[in-house]
Structures are given as C-alpha cells and as structure tokens.
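*Asks:* Residues per chain, in single letters:
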Amino acid sequence: MLIIGEKLSIIAKRVRESMMKRDKGPIQEIATRQWKEGSGMIDANIGPAEDGGEELMQWMVTTIQEVVPLPICLDTTNYNAIEAGLKVHNNEWGRPLINSTSNDPERFPILELAAKYNSQIIGLTVGKGGLPADAEERAAIAAEIMARAMEYGVPLEDIYLDPLVLQIATSQDHAVKVIDSIKMFQEMNEPPMKTVVGLSNISNGCPKHIRPILNKYYFIMLMNAGLTAAIADAHEMAEAMREKKLVDDVLAGKTIDDPQKMAEITKTLDVIMGKTLYAHSYLEM
Amino acid sequence: MAFAAPKETFSGKVFEVIIGTDKTAVFGGENVLSFHAFEGNVPHRPVIAYEVQDIVPDDWPETVKKVYDSVSGDPVTWAKYCQDTLNAKAIALRLLSTHPDRENRSPEDAAKTVKDVLAAINVPLIILGSNHAEKDSSVLVAVSEAAKDKNCIIGKAQEGNYKTIAAAAMANNHKLIAMSELDINLSKQLNILITQMGFDKEKLITDPMCSALGYGLEYTYSVMERIRLAALTQNDATMQPPMLADVGMYVWKIKETQASDAELPLWGSLAERGITWEAVTAASLLMSGAELLIMRHPEAVKAVEKFIDELM
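So the protein lines, in turn, are chains U and Y.
Residue 1534 in the working numbering sits at position 276 of the first sequence, with consecutive numbering throughout.
Residue 1584 in the working numbering sits at position 158 of the second sequence, with consecutive numbering throughout.
None of these hints come from the bench; they were simulated from the model.
A virtual CB, placed ideally from N, CA and C, is assigned to each residue, including glycine.
Hints are supplied without guarantee of correctness; some may be wrong.
Said to hold, decoys possible - List of simulated lysine to any residue pairs, SDA-like, C-alpha gap at most 25 Å:
#1 1533/U <-> 1466/Y
#2 1519/U <-> 1628/Y
#3 1449/Y <-> 1537/Y
#4 1533/U <-> 1435/Y
#5 1525/U <-> 1449/Y
#6 1525/U <-> 1537/Y
#7 1466/U <-> 1607/Y
#8 1439/Y <-> 1519/U
#9 1525/U <-> 1627/Y
#10 1525/U <-> 1466/Y
#11 1533/U <-> 1655/Y
#12 1439/Y <-> 1466/U
#13 1533/U <-> 1607/Y
As the list claims (entries may be wrong) - Residues from chain Y shown here face chain U by an in silico Cβ test under 7 Å; the list is partial:
#14 1506
#15 1611
#16 1615
#17 1621
#18 1655
#19 1656
#20 1662
Using the sequences provided together with the hints, build the complete structure.
*Replies:* Below is the structure:
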C-alpha cells in the first residue's frame, strides 16, 4: 500500500500561509513527519493556483525534496504549474504522480504531460456533468480515461484510477459504491489497474473526534478491496495498520477483547456499509 | 397453482402516538410502508389537523382566507369552528403573532391564547411557534406550561433551540415535533440529541420539512421515504417516530394558489387549483410516510380523507 502524505494542502491555513510567504520551515516539517510515519510519496496540493502557480509548484517540489527523499504528487488543476513541477522534480527519489486527469475535456491535455515527462497520473472517474451515480458509471468513465491515455501514449500501468470518495455525512450510499468501484477497476486490465483514493473526504463535515475513526476503518475496507494507494495522513494510516487485525476479526464475525473498540469498529463498519443511517452521534447510539 | 402475492415484511415498526386528553387522536403504529396493510399491520389512519392562527390571516390567498372570514379574528372562535362545524380531529394553533416581524407578542400573551383555546375545544391541540428559532424558545416554554398535562404536541424544536423546548415539553407531558431542514442525517442527529436529554423517543414526531408540489416536494418525499425505510428495514429506533407534513403553510404561499384566472387562463379556475394543490401535496406526502398533516382548506381536507378511505 502506497500512502501519499496528504497534509500539504493549500486548504490548511498554516500550510497556505507558509506557501504564500515561501516559508520552508513548516512545509519541510510536515513533509518530514509524513515521510517518517510511512508515506511513500508526498501530495503537494496548491489548489487551482491561477496566479503564479508555476513558480509555487516548483518551490513546493524543491522545498519538499530538499529534505525528504520521496517523489511528489503534483496536485493542481493548473496545466502549466504541473509542467513546471515536473521539470524540477528529482526522479532519483521515484517517479512523480500527476493529480489529476478526468473525463472532463479540459483535463485531457494533462495526459500529454504524463507522456512527455514519463510521469504517473491519477484518472479521476468524473465527467464534466455531475457526479457518477454508482460503481458501474465510475467504471464506464474509467474505461474512457484508459482509452484516452493509450491515445496520448500513457501506459495503463502508469494510471491510478480514483473513484472519488464522497462525504459519508451527506452521501452515505457512495461509501459502498466506492469500495465496489475499487474492485471493478482492478478487473479492467491485466495486470490489474492501480487505484487511489483521497481518503479523508469520507469524514469531511463530520465531528472532529470521529474523523480519524471513519478514515481508518474505511481505509481498511478499501485495502481489503484491493486499493493500491491512498492520499491520507500517514500517522492515521499507521494506526489503521495496527488495528487492522481487530477490524478483520470483527468483519469475520469474531468478538474482540476490548468491548469499547468492538463497538466502535462495529458501528463504524455498519455506517460504512449502509446498514445504519449515519448521524454525527452514531457512535453514541 | 394459485398466485401468491409476494409480501415484504420488516423488523421495525413506527411508534404509536396518542395525543389529547378528552377526545384523543392516535397515529403511527404501522410496521409496513404507507397503506401496505396487505403486508402487515396499519392500525391507525393518518390524522389531519386544521390550522388556526392567533392573527388574522391577511397573507392567505382569498380561496382559503374567505372560508374563515367570520371566525379568523379570534383563535378561540376559529378553533371551535374547525372542531364543531368542520369536524376537525385535531387543531394546530400557530402562534404567528409572536414573531418579531409580526406583532412580537409576548410568551405570556401566547400562553393565554393557548389556555383559552384549550378551554373551548375537546379535540387534541398542536401548538406551534412562529418558526423564529430564538423567539420560539421562550414562547414554546410558556405555552408548554400553560397546557400542562393536556397531552399536546409542541413544535417545532430545531437544532438551534431544541434544548429549552424539549425540556419544557418533557416537564409538562407533551409530545414534541423535531424539525430539521431536508436532510435525513441531520434529522436523525436531532432526534438523537433530543433523546440524549432524556426525552422519550416514543413521544417525538419527526418533521423533515415540508415543501409544496412544484417547489421541492420530491426532496421532502425522498427524505420521508428514506426515514421510513430506515425505521422499518434497519429497525432504527431514532427514525421510528411518526412524521409530520405541515402542508398548508407551504402550499398557500406559492404562485399556483394565488395567480388569478385572468392572469393565467390556461391554469384553470384559481379556487379549484388551490384546493387541488393542497390535496395533491398532502396525498403525496401520505404516500411517502407522513402520519400527521396540518392543512388549511376544508375541501382539500375532504379530498384527502376520501383518498385515505380508499386506501385503508
């Protein structure tokens, strides 16, 4: 399992301020922590970055790779910023990953960059209009992205298909549909297609104290479905790996020693699988 | 071989709620989807309450306002008219005058109105605030006390004011409407929060927020349907209270119930149109799971009662 350390996002206030001030300290500190806790790649999310995106992405890539010997996931919709980042990326630490192309015609040209710079690329299975309704629709979009990648000369082994995790607080039924998508995507090629998720979106909008719980157990469910990579907090995922046996035991119908843990896992799995209706206080019921 | 119709049975059941003291009304109690008596048990008809206001309904369209012209100046007379002449099975008294943008009347004034209405009728009373979250939290406390032990329904408790209102309803032995805004997960959350205060879940009524035909009815329909399915298929106790559709106030403010024949000749007679609109909205929400309706026009109520007769 590849963990793509997620903490360097322009959405986080501290990170955004550091990006704007070009203050390397906090960026390098976060990247180093994600690396030490098990990330195999670092996500650099600079948002749409319409002004000065090229320079910002280059600064992010070099700032991170100065202290962390890992490849970078270049996370922006700005074509030029991605290209600028690819130009300075140190491939000695591994090949970069572009985040992302999709089935939106505006995002097709990003595939050119993957071919030109020998980069890996995420294919987000959404189109121009609306969100995919179910796993089948996601798979149909995946097939289009795969066909287009071949046209652009991007090998299928270099694509990570992303089913788009939605918030469980508002789109509970999609939690299972994403798990099903991960299974379906793998069957679309031989060797199986690689898959990735932006994990923490599952708990976006949920109370702070339950976010890591949902993130961890959803991660394990996805892992069991064959997920290749997750953009996630490495610290949380390390905890998830330590608890994996407990979750697998519960999934197998066994009783585990710690009754509180047992309840937490059971209730969370029920919510993920759509057996109980989500509410912010679901753990207290 | 004889054909046997497939039956769907569920593990869950909707709570049965009894309101009133003298003449009572009962709704809920079913363990199947709306009107599916052929699959299980539907012990009670849905209940329709007539809406009465403590303020002259100047903003109601003519079609429905004129029905109450001779009584709407006084909530007691109006409530008695609904009970005695229209055979209302329940009255829903909306204390609109307490709204800061209307007459901003005091909780004490509202409490007096409630006492007067209660003294004049023997059918169950639903007591509604003005839907101003902050003002309701004082008004509904006062009226809960004024109606102590009369087994009324108090409403509506929302995310921002449920604590005081639920405490008052609990202390004075009333049922309580919990309203959230068209979101099943928030509806469940509010029911959880209220029951975590010690309020009995079997005394709750869920209001997922109503909407009129043509103005988002399908959202209300879908949320209600999913709430009912969670109650029945998942046996989710937090979703087992019966549901309210507050139909009248949503229907009688839309263009279709107000635009004149001359303005829109292709839409047909205004009077018929308004009544039909209220009846169709109400009937749709009965199909999605509502057990308690609040309505305004007697002809619309009649049409819905007939619809229920045919389905029961």
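*Asks:* Next step is simple, just say for each hint if it's right about the structure.
*Replies:* Do the hints match the structure? See the list:
no.	hint	result
1	1533/U <-> 1466/Y	23 Å, holds
2	1519/U <-> 1628/Y	30 Å, violated
3	1449/Y <-> 1537/Y	22 Å, holds
4	1533/U <-> 1435/Y	17 Å, holds
5	1525/U <-> 1449/Y	43 Å, violated
6	1525/U <-> 1537/Y	44 Å, violated
7	1466/U <-> 1607/Y	22 Å, holds
8	1439/Y <-> 1519/U	30 Å, violated
9	1525/U <-> 1627/Y	20 Å, holds
10	1525/U <-> 1466/Y	29 Å, violated
11	1533/U <-> 1655/Y	11 Å, holds
12	1439/Y <-> 1466/U	33 Å, violated
13	1533/U <-> 1607/Y	23 Å, holds
14	1506	42 Å, violated
15	1611	5 Å, holds
16	1615	4 Å, holds
17	1621	9 Å, violated
18	1655	9 Å, violated
19	1656	5 Å, holds
20	1662	6 Å, holds
Checked against the numbered hints above, the structure breaks hints 2, 5, 6, 8, 10, 12, 14, 17, 18 and satisfies the rest.
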